Structures are given as structure tokens and as C-alpha cells.
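The opening position of the sequence shown corresponds to residue 368 in the working numbering, with each subsequent residue numbered one higher.
Careful: at least some of the hints might be erroneous.
[What the hints assert, rightly or not] The calculated lysine-lysine pairs, modelled on DSS-like cross-linking and capped at a C-alpha distance of 27 Å, are: (1) K455 / K503; (2) K406 / K416; (3) K437 / K379; (4) K377 / K406; (5) K489 / K431; (6) K431 / K379; (7) K438 / K374; (8) K438 / K379; (9) K416 / K438.
[Unchecked claim] Cβ pair distances, simulated, as ranges: (10) V384 / F506: 37 to 43 Å; (11) F443 / Q472: 22 to 28 Å; (12) E390 / R447: 24 to 30 Å; (13) S517 / Q407: 52 to 58 Å.
These are calculated hints, taken from the structure and not from any lab test.
None of the values given here were measured: they were computed from a predicted structure.
Just so you know, even glycine gets a beta-carbon here, dropped at the ideal spot from N, CA and C.
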Amino acid sequence: MASSSAKTIKVKCCDGVVLEVDEDLVVESLTMRCLMEEKQRESESESEKVMISLPEVTSEILCKVIEFLKKYEDPFADFRTWDKQFMKAEHDTIFDLILAGRYLQIESLVDLGCEAVANRMKGKSTKQIRETFNIKNDFTPEEEEENQRSPWFHKP
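From just these sequences and the hints, can you work out the full model?
Given below as C-alpha cells:
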């Protein structure tokens, strides 16, 4: 996960996996930066490797978050092409990335994930969206009819 020359910290994920992450990437997340700074203040030794815990993020998702942060370190990267490829993940993975982005306070990741979900909904009917995202229709037939009469209802 981390290069040998960069200063790293240990990050313990909710699945118990511990990853070493470049400190330069950790500080891109307000949550991880605050946790790291708090642990550094508590540490008795400056040479002691700091470990923070992320009870809301799995190691699989953290690896994807780190991949995202590394890509965005490069100011000359072709983000459009890379973003599209990165977001070709399963729905659940994208939702997990959005949740991780919110928890870790990485707004650009949240925005990218929400854009990917919105793009998957574009041009679809309510029924198609429900099928795509496995959403149960909990409206009664009467509520459904009332919704269709509403001015905000749009049928593509």
C-alpha cells in the first residue's frame, strides 16, 4: 500500500485488516487526519508507528479509496477516463465508496459516487430504477396513483 520512502501510518479496518498507508494520502481525509493527529499527540515516541481504526470502512473499500486518492495526487491525470473506469464497479461497491467518502470526509469521492449512481438512473422509469437498485416498492396502489398525478412526477 505504501512506498518505502514515505512516512506511513497503520490503518485498522472494520474487518480487522491492518494496512500501511502513506501519511500524504491520510491527510486528504479530514477524519483520518484528525485520528492520526490525536494518536500522534498521545504517542510517547515520535518514531513509534501510529495506528488508527476505521470502524466504518472495510479493507476492500479502503484500498479503493487509497487508489482514488493516489490518482487525484497527479495533477496531469486524465480524470474523466479514469473516473468512468473506476466507477464501473458493482452498485454495492459504489454505495460503500459513497458511505466511506462521507465517513472519511472526502467530498470529491462522494461527488464522484453520486454522479455514477445518477448516471445509472438517467433515462430510466421508476420501475427500472427499482429493479436496477433492488428497491422494494412500498407504495400502496392509491399512493402510486396519487404520485403519478403529482406535477413533479416524470415518466420518461
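Results for each hint:
1. Restraint check for K455 and K503: satisfied, since their Cα atoms lie roughly 24 Å apart, inside the 27 Å limit.
2. Taking the CA atoms of K406 and K416, the gap is about 10 Å. The hint holds against a cut of 27 Å.
3. For the suggested pair K437 and K379, the alpha carbons sit about 19 Å apart, so the restraint of at most 27 Å is met.
4. Note on K377 and K406: the hinted pairing holds, with a Cα-Cα distance of about 11 Å set against a maximum of 27 Å.
5. A threshold of 27 Å between alpha carbons decides the hint, and for K489 with K431 the separation of about 25 Å falls inside it, so the pair holds.
6. This hinted pair checks out: K431 and K379 have alpha carbons roughly 15 Å apart, not beyond 27 Å.
7. Between K438 and K374 the CA atoms are separated by roughly 19 Å; this keeps the pair inside 27 Å, and the hint holds.
8. Of the supplied pair hints, the one linking K438 and K379 holds, its CA atoms being roughly 22 Å apart against a limit of 27 Å.
9. At most 27 Å may separate the alpha-carbon atoms for a hinted pair to count; K416 and K438 meet this at roughly 25 Å.
10. As the Cβ distance of V384 to F506 is approximately 41 Å, the hint placing it in 37 to 43 Å holds.
11. Distance hint for F443 and Q472: a CB-CB separation of about 26 Å, consistent with the stated range 22 to 28 Å.
12. Checking the proposed 24 to 30 Å range against E390 and R447 shows it holds: the Cβ atoms sit about 29 Å from each other.
13. Here the CB-CB span from S517 to Q407 is close to 54 Å, well matched to the stated 52 to 58 Å.
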